[in-house]
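For the protein sequence lines, the chains are A and B, in the order given. What the first sequence shows, in my numbering, is residues 1 to 175, in sequence order. What the second sequence shows, in my numbering, is residues 1 to 361, in sequence order.
Worth double-checking, as some hints may not be accurate.
[Unchecked claim] Listed next, the in silico DSS-like pairs over lysine-lysine satisfying Cα-Cα at most 25 Å (straight line): (1) B:Lys4 to A:Lys149; (2) A:Lys161 to B:Lys135; (3) B:Lys241 to B:Lys307; (4) B:Lys241 to B:Lys135; (5) A:Lys58 to B:Lys288; (6) B:Lys135 to B:Lys288.
Think of the hints as simulated: they come from the structure by calculation, not from any bench.
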Amino acid sequence: MATHKLFAAGYGGQGVLMIGQIITYAAMKEDKEVTFLPSYGPEMRGGTANCTVIVSDKQVACPMIYEADILTVMNPPSLTKYESMLKPGGVLFVNASLIDLKPTRSDIQVVNVAANDIAAELGNARSANIVMLGAINRTLHLVEEESIKYVLQNKVFTGRKADLFDINWKAYHAY
Amino acid sequence: MSEKVLMKGNEAFGEAAILSGCNFYFGYPITPQSEIPEYLSRELPKRGGCFIQAESELAAINMAYGAAAAGGNAFISSSAPGIALMQEGLSFMCCAEVPVVVLNVSRCGPGIGGIQPGQADYIQATRGGGNGDYKIPVFAPSTIQEAIDMIYEATYLANKWRNPMMLLTDGMMGQMMEPVVLPEPRKLLTSEEIPQAKPWALSGFDHKNGQRSLIRALHMQPTDLEIQVEKIFTKYDAMEKELPAYAAEGLEGAEIVFVAFGLMSRLVREAIEMLAEEGIKAGLIRPKTLWPYPYAAFDELDFNSTKVVISTELSKGQMIEDVRLGVEGRLPVELIYRTGGVVPTTPEVVERAKKILEGLK
Numbered sequence: 001m002a003t004h005k006l007f008a009a010g011y012g013g014q015g016v017l018m019i020g021q022i023i024t025y026a027a028m029k030e031d032k033e034v035t036f037l038p039s040y041g042p043e044m045r046g047g048t049a050n051c052t053v054i055v056s057d058k059q060v061a062c063p064m065i066y067e068a069d070i071l072t073v074m075n076p077p078s079l080t081k082y083e084s085m086l087k088p089g090g091v092l093f094v095n096a097s098l099i100d101l102k103p104t105r106s107d108i109q110v111v112n113v114a115a116n117d118i119a120a121e122l123g124n125a126r127s128a129n130i131v132m133l134g135a136i137n138r139t140l141h142l143v144e145e146e147s148i149k150y151v152l153q154n155k156v157f158t159g160r161k162a163d164l165f166d167i168n169w170k171a172y173h174a175y
Numbered sequence: 001m002s003e004k005v006l007m008k009g010n011e012a013f014g015e016a017a018i019l020s021g022c023n024f025y026f027g028y029p030i031t032p033q034s035e036i037p038e039y040l041s042r043e044l045p046k047r048g049g050c051f052i053q054a055e056s057e058l059a060a061i062n063m064a065y066g067a068a069a070a071g072g073n074a075f076i077s078s079s080a081p082g083i084a085l086m087q088e089g090l091s092f093m094c095c096a097e098v099p100v101v102v103l104n105v106s107r108c109g110p111g112i113g114g115i116q117p118g119q120a121d122y123i124q125a126t127r128g129g130g131n132g133d134y135k136i137p138v139f140a141p142s143t144i145q146e147a148i149d150m151i152y153e154a155t156y157l158a159n160k161w162r163n164p165m166m167l168l169t170d171g172m173m174g175q176m177m178e179p180v181v182l183p184e185p186r187k188l189l190t191s192e193e194i195p196q197a198k199p200w201a202l203s204g205f206d207h208k209n210g211q212r213s214l215i216r217a218l219h220m221q222p223t224d225l226e227i228q229v230e231k232i233f234t235k236y237d238a239m240e241k242e243l244p245a246y247a248a249e250g251l252e253g254a255e256i257v258f259v260a261f262g263l264m265s266r267l268v269r270e271a272i273e274m275l276a277e278e279g280i281k282a283g284l285i286r287p288k289t290l291w292p293y294p295y296a297a298f299d300e301l302d303f304n305s306t307k308v309v310i311s312t313e314l315s316k317g318q319m320i321e322d323v324r325l326g327v328e329g330r331l332p333v334e335l336i337y338r339t340g341g342v343v344p345t346t347p348e349v350v351e352r353a354k355k356i357l358e359g360l361k
């Protein structure tokens with residue numbers, strides 16, 4: 001693999017940092033080089049959240065990016081704000097449940113994922129981020145599916161949350 | 001060696017301090033390092049240590065002074081204006097020869113500063129921000145792993161030299177996550193072991209030998225104070241031989257050599273890859289210690305190929321003074337910087353470097 005630069009953005013509470021962290025943990029499990037950088041700065045409650053994940057087979061030089069090759073937007077302001085950050089030929093994942101706007105660019109690949117609707121149909125509205133995670137990884141194969149499963153079982157859905165694994169594993173495969 | 005774990009910078013710094021043998025932490029919250037006291041408030045008491053949230057930075061540094069004078073291993077952290085408030089205590093501890101490990105998760109800019117990354121505490125850190133003749137070694141990690149290793153080493157060195165040791169990093173390093181391998185925990189000294197391990201410490205009157213320990217930052221007679229200053233400077237002379245550290249990459253045949261530390265060195269490494277794609281060969285000198293500065297690195301420059309040395313900073317030209325001292329007039333020295341918490345993009349660094357190179361032709 002080469003180097004993948006993923007940028008994910010949405011409202012606080014939509015779980016975009018979780019998308020990034022799961023990929024980061026899974027990449028680490030595969031002994032890949034990886035950095036995770038959360039949005040960082042003064043922010044208000046209900047404001048936006050974003051994160052940058054770089055996965056590579058060589059040491060990650062710079063944890064900050066000026067362009068992404070994968071962009072995931074979970075809410076409308078994120079599409080408007082970050083669309084220009086995607087590199088030509090890059091892949092844009094749009095949460096079509098909440099975003100009616102159309103991307104303005106034609107030099108990118110767009111994947112529409114109705115993440116909230118799919119999660120609601122499964123019976124767990126809060127799994128929208130895992131639906132999106134599945135869409136990203138099953139389309140682009142950043143990390144092995146087994147690694148994602150390991151992280152969900154051992155890092156995310158543990159203890160009192162252990163019984164949420166099954167529905168989230170379904171959510172992962174739902175798109 | 002344990003296996004890889006994913007850790008956020010600030011939490012990793014706190015964990016490294018515990019593993020390195022620090023058993024006292026005194027702190028006052030300040031963004032972007034508040035996760036360090038948060039982490040240590042939870043973890044340190046469980047593992048034989050003592051956590052106290054001080055009422056101010058002044059209180060924190062002086063509590064550390066007291067705990068370390070009594071033979072404890074003290075760790076303190078703060079951010080730029082908070083570190084500024086601690087300078088009096090650091091000057092006292094250097095004079096009194098009391099060890100402490102200080103971590104500056106720096107803000108940018110003067111005044112209250114912003115919480116975005118900055119390196120504008122360079123002069124404060126390397127030239128002594130407090131009063132009088134003293135020095136504090138300063139380490140500059142560029143990855144979370146390196147920060148862990150440097151904190152681990154700094155605890156050893158602080159005790160070895162009986163002098164504060166400082167790490168200079170920034171808020172982005174504090175917030176980002178990277179896989180790391182944690183070192184083995186150092187054994188903590190018991191109170192019975194302190195008198196032997198640290199005979200200078202105020203661990204109680206030694207009735208057997210009839211000796212008393214005295215730790216003081218006050219010498220009334222000018223000749224006494226002069227003797228004390230000369231004494232600590234024999235240590236600093238030795239540190240200048242022993243401590244300077246750097247990494248040099250691609251200096252041979254390089255047209256441009258960047259000098260950058262910490263986060264900026266990672267951005268510069270990406271800029272070097274981009275310049276190579278355009279047929280311009282560039283190299284990097286990355287100081288790992290900021291005092292003592294690794295001036296010897298500049299003797300490794302390829303004077304046949306290199307046209308310019310560029311200090312690349314998140315400050316308005318602070319490290320460039322040391323770069324000039326290292327280059328000693330052998331090549332032009334230029335500056336690429338952003339300040340106020342603005343981090344340049346990699347293409348921005350590339351463009352500026354190309355302009356500098358063209359200007360010299």
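Do the hints match the structure? See the list:
With a C-alpha separation of about 18 Å, the suggested pairing of Lys4 (chain B) with Lys149 (chain A) holds against the 25 Å cut-off. Distance check on the hinted pair: Lys161 (chain A) and Lys135 (chain B) sit about 52 Å apart at the alpha-carbon level, beyond 25 Å; violated. For the given pair, Lys241 (chain B) sits about 29 Å from Lys307 (chain B) by alpha-carbon distance, which is inconsistent with the 25 Å threshold. A hinted pair counts as satisfied when its Cα atoms are at most 25 Å apart, and Lys241 (chain B) with Lys135 (chain B) qualifies at roughly 14 Å.
About 22 Å separates the Cα atoms of Lys58 (chain A) and Lys288 (chain B), which keeps this hinted pair within 25 Å; it holds. In summary, the hint linking Lys135 (chain B) to Lys288 (chain B) is supported, as the alpha carbons are separated by about 17 Å, within the 25 Å threshold.
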